[in-house]
Structure formats: structure tokens, C-alpha cells
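Colleague: Sequence:
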Amino acid sequence: MGSLVLYVSTLTLVHYVLEGLKRIYKEGIEYKKAGILLDGICPAHSQQYH
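In this note's numbering, the protein residues as written are 100 to 149.
Fair warning: there could be bad hints in the mix.
[Claimed, not checked] Quick list of simulated restraints, FRET-style, between CB atoms:
| # | residue 1 | residue 2 | range |
| --- | --- | --- | --- |
| 1 | Ser108 | Ile128 | 26 to 34 angstroms |
| 2 | Ser108 | Glu129 | 28 to 36 angstroms |
| 3 | Gly134 | His114 | 13 to 21 angstroms |
| 4 | Ser108 | Asp138 | 15 to 23 angstroms |
| 5 | Ser108 | Ile135 | 16 to 24 angstroms |
Think of the hints as simulated: they come from the structure by calculation, not from any bench.
Even for Gly, the Cβ is constructed at its ideal location relative to N, Cα and C.
Generate coordinates for the entire structure from the input sequences, incorporating the hints supplied.
Modeller: What follows is the structure in C-alpha cells.
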């Protein structure tokens, strides 16, 4: 399976994350703080093509 390469800025990524959260957030539910780790993210100009 090949790699998926996306070319987005941090602002674009944050925009879509917030849009997704708005869609799944439910009023009255007690949420807890959590984190995620995005690995392998690098500037588009540093990509190597085979």
C-alpha cells in the first residue's frame, strides 16, 4: 500500500480538526482532555519521490 501525501498548512489542518470537533461535540457530555501524536509530518519540500 502506498503512502498518502497531503500538502496542507498547519492553519488548514487546524481548520479541519475544529470542523470535525464541531460535528461530533454533544452538549451535556463531560469530556476529558486527551492528546494525539501525528508522526511522519514534514514540510512538502522535504518529500522524497521514488
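Colleague: Are the hints correct? Go through all of them and say.
Modeller: Here's how the hints hold up against the structure:
no.: 1; hint: Ser108 <-> Ile128: 26 to 34 angstroms; verdict: holds, 31 angstroms
no.: 2; hint: Ser108 <-> Glu129: 28 to 36 angstroms; verdict: holds, 33 angstroms
no.: 3; hint: Gly134 <-> His114: 13 to 21 angstroms; verdict: holds, 19 angstroms
no.: 4; hint: Ser108 <-> Asp138: 15 to 23 angstroms; verdict: holds, 19 angstroms
no.: 5; hint: Ser108 <-> Ile135: 16 to 24 angstroms; verdict: holds, 18 angstroms
Checked against the numbered hints above, the structure violates none of them.
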